[in-house]
Each structure stands twice: as structure tokens, then as C-alpha cells.
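Using the sequences and the hints given, assemble the complete structure.
Going line by line, the protein sequences match chains F and S.
For the record, in the first sequence the residue sitting at position 138 is 138 according to the UniProt record's numbering, with numbers rising by one throughout.
For the record, in the second sequence the residue sitting at position 40 is 40 according to the UniProt record's numbering, with numbers rising by one throughout.
To be clear, the hints were calculated from the coordinates, so they are not data collected in a lab.
Worth double-checking, as some hints may not be accurate.
To be verified - In silico lysine-lysine, DSS-like type, Cα no more than 27 Å apart, as pairs:
1) S/LYS158 with F/LYS130
2) F/LYS25 with F/LYS130
3) F/LYS130 with S/LYS118
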Amino acid sequence: MSDAGHDHDHRHEGGEPAPIALRVKALESLLVEKGYVDPAALDAIVELYEHRVGPRNGARVVARAWNDPAYRDWLLADGTAAVHALGYTGRQGEHLVAVANTPDVHNMVVCTLCSCYPWPVLGLPPVWYKSAPYRSRAVIEPRAVLADFGVALPAETTIRVWDSTAEIRYLVIPRRPADTDGWTEEALADLVTRDSMIGTGLARAPEGATP
Amino acid sequence: MNGAQDMGGMMGFGPVMPEDEAVRFHAPWERRALALTVAVGGGGVWNIDASRHMRESLHPADYLASSYYEIWTKGLERLLLAHGLVTAEELAQGRALEAPRPIPRVLSAEAALAAMAKGSSYDRPVATPARFAVGDRLRAREMNPRGHTRLPRYARGKLGTVEIVHGGYVLPDTHAHGQGENPQWLYCVRFSARELWGPEADPSLAVSIDAWESYLEPATP
Numbered sequence: 001m002s003d004a005g006h007d008h009d010h011r012h013e014g015g016e017p018a019p020i021a022l023r024v025k026a027l028e029s030l031l032v033e034k035g036y037v038d039p040a041a042l043d044a045i046v047e048l049y050e051h052r053v054g055p056r057n058g059a060r061v062v063a064r065a066w067n068d069p070a071y072r073d074w075l076l077a078d079g080t081a082a083v084h085a086l087g088y089t090g091r092q093g094e095h096l097v098a099v100a101n102t103p104d105v106h107n108m109v110v111c112t113l114c115s116c117y118p119w120p121v122l123g124l125p126p127v128w129y130k131s132a133p134y135r136s137r138a139v140i141e142p143r144a145v146l147a148d149f150g151v152a153l154p155a156e157t158t159i160r161v162w163d164s165t166a167e168i169r170y171l172v173i174p175r176r177p178a179d180t181d182g183w184t185e186e187a188l189a190d191l192v193t194r195d196s197m198i199g200t201g202l203a204r205a206p207e208g209a210t211p
Numbered sequence: 001m002n003g004a005q006d007m008g009g010m011m012g013f014g015p016v017m018p019e020d021e022a023v024r025f026h027a028p029w030e031r032r033a034l035a036l037t038v039a040v041g042g043g044g045v046w047n048i049d050a051s052r053h054m055r056e057s058l059h060p061a062d063y064l065a066s067s068y069y070e071i072w073t074k075g076l077e078r079l080l081l082a083h084g085l086v087t088a089e090e091l092a093q094g095r096a097l098e099a100p101r102p103i104p105r106v107l108s109a110e111a112a113l114a115a116m117a118k119g120s121s122y123d124r125p126v127a128t129p130a131r132f133a134v135g136d137r138l139r140a141r142e143m144n145p146r147g148h149t150r151l152p153r154y155a156r157g158k159l160g161t162v163e164i165v166h167g168g169y170v171l172p173d174t175h176a177h178g179q180g181e182n183p184q185w186l187y188c189v190r191f192s193a194r195e196l197w198g199p200e201a202d203p204s205l206a207v208s209i210d211a212w213e214s215y216l217e218p219a220t221p
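Printed below as a string of C-alpha cells:
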């Protein structure tokens, strides 16, 4: 259904396609010259997603859920409202569902069709999340994918994979590590890894704890 | 469309390579590819479904050989061409050769940050009641549209169970093609791995998709 017609190769001297870095640079120059983009907006977007929006946001959501049963119930019942209430709103986080790992169920999130990912709580997706190996294998052999991350779960654990095929974004609440009773949210958040909120990892055990 | 983007269940791509979560980009150009895609997209000429469709319309060999920011870049170039905002010659030269066309808006830094913080909701009221309820058994339709769809091939024709009724949402299949939002009920539908992949599949595995009502039919019509 594309009406763009052909792909243009950007051939330059020697007949080889221009390297992607040059191609993007040419595109930016052109779009700025045409007045379609403001370079200051480009810088602001990069700064936002490189330095301000990232998985520490999601870690604070999880830590709150671990320490506050009422918040956890709200998060599971209405992920959008509970996450937005902590200030984590915006693009690719408009509609959120949180799913909790238990001793019996391990959740894992993928977007087989593109790269859908909850930006306001996890930031930009890691390159592996957008890659063919993850997108192809997560839905058919998630245990083998988990093994790539060094995670082995009991054979009787249900593996529940959520393919993000619409505008709903999924956030995994990992299991709270043992020996963390009485910990502050801030300390707990340090145990929450990005991968544990995608479901390709587990929350870290406290230092000195027996795994 | 049955393009290279529909990867669920494909084989042969090798292992997943985990990476430290502090890594954000792998080259400076990736930052610019991200920002250009987001900023131009915020200009309001096309919507997110049209963007996704343009990316999946890349030749499958090109799609599979490209990194994700390369796919974004190629998709953006093709959208710009399709909407007459740039010419192929301008892309090749990296400079303007023709006057720009008017676009709905050009985001300032402040407007871009405000747009990122606000996002765009895709939930919409639907006049008719939901056809399916939580727990209902249903079948994903066997369908192979030439245009955009978000029903992955691995789920087509398979029996599943409604797990969540999400509400009414913009239908990508028409929205991607300028044919309106046509909101429909959206459901999270769970399938057993054995239903999807056959009797040898991991009995402990279940997979869900989010599927619009027109993707689904009762298990026993």
C-alpha cells in the first residue's frame, strides 16, 4: 500500500550507498533548510530521552508497588492512572497495563511487529528489544531467550508473554527480592533493573544476600 | 501486510544480545534519527500508524538487514517523499532545491517537550457494546490484508480466550491509510503455546496479543 514508489539508494561516488551517518546528516540538513524541523527541538528531544526519561522512572513505580499494597492494587487495576499519578506521563505511555510476577507466573513483554515499549517508565527501548532475535523468539521460545539473559525458571512456572500489538504498553512488576523487609522505596528502586520490568530479568538480590 | 516486520516465530536470527541499561545510543547519528522521526512526526502530516506501515513496506531484505534506527530513517524518507515534502534529488543532495510545502506545525523545543510529556491518547468511545467479554473463547480471523494490520500471522486462525477488554481504540488498519480512526473494541486475547505452535510447544507458555474486534470471531460461529 506504499505509494512512495521506489526506494532511492543515495548512491554517491563509487556507486556504494551512502553510509547511514551521512544519510541522516543529509536528511537533517535538508529538513532544517526546508523549515520542517527546528534544530532546537531535535536537541531537546535527544536530551529528554538520553538523560531524563529512562528506566529509573519505572523502578520507582515498582518500588512504590512493593512497599505500598494500596498502590500496588491500584497499579494492577488501572496502570495508566497509577503511573501517571507519579508524574510519568507522555508519548508511548498513554495507556498502561501493569502485570505482576508471582512464584507461579513470570511475565515477559515483546513487540513482535515493531518496537512498542513504555517510554515514560522505561525510556527508549534497548537495541535488543527491537532486534529480530528478540522479536522472533520471545513468543515461541521465551525460556531460551531468558537463558540468553542468564535467567532460568522452574519448568512448572507459567511463562506469560505479552505481545504489544496495539497502543497498550505493558510494565512487568518483578518479584520483590528476599531480605528487603523495611527497605525504603529509594533503596528498593536500586534493585529494579530495566530488564526485570520487561521480564527478561529478575530484580537484583540485595548485596551480601544469598541468591 | 505480510511483511518482514511480522517476526513472531521466525527462526535463525541467533541469540539475543543483552546490554547494560545505561547504553542509550550506539552512534551519534542514532540520536538525530530518533529526534528527526519524532519531531517531523509531531508536525502532523501523518500519524503513527502510517509511520509503522511505511517502515513495514520496506523491502523485506532491506528491513531485515537494517538496524532499527535505519528502518526509522528509511521510513521517514519515504513518508517525506510520499507526501511531496521533499524530492529524491533533495534527499540525495542534502539540500533544498524546491520551496517547502506548508505543514500543520513545526515544533519548537518547548512545543516538542510539551508534546512528548502529553503524548497522544488512542482510546475513543465506541457506540456499540463490546461483542466479547472476559473469558469468552474466540478465534483470530484468518486474514491477509494488503494494507496495514496489527494481527500477527502467528495468531491468525488460532483459538484464544479474552483476558482483558481494553475499551475502544483507533483502528490502525484504516488509520494508517488515511481512512479514519474507526474506533473498535480492543481485547487482550490469550493463546496457549500449543494452540499457536503445536503439540510440541512448551506447555507452560501462554502468549497474548491485543486485537481489535474485527480481527476476531466467536470460537463457534
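Cross-check of the supplied hints:
Annotation: proposed proximity of S/LYS158 to F/LYS130 holds, straight-line Cα distance about 25 Å (limit 27 Å). For the hint linking F/LYS25 to F/LYS130, the alpha-carbon distance of about 23 Å falls within 27 Å, and the restraint holds. At most 27 Å may separate the alpha-carbon atoms for a hinted pair to count; F/LYS130 and S/LYS118 meet this at roughly 24 Å.
Violated hints: none; the structure is consistent with every hint.
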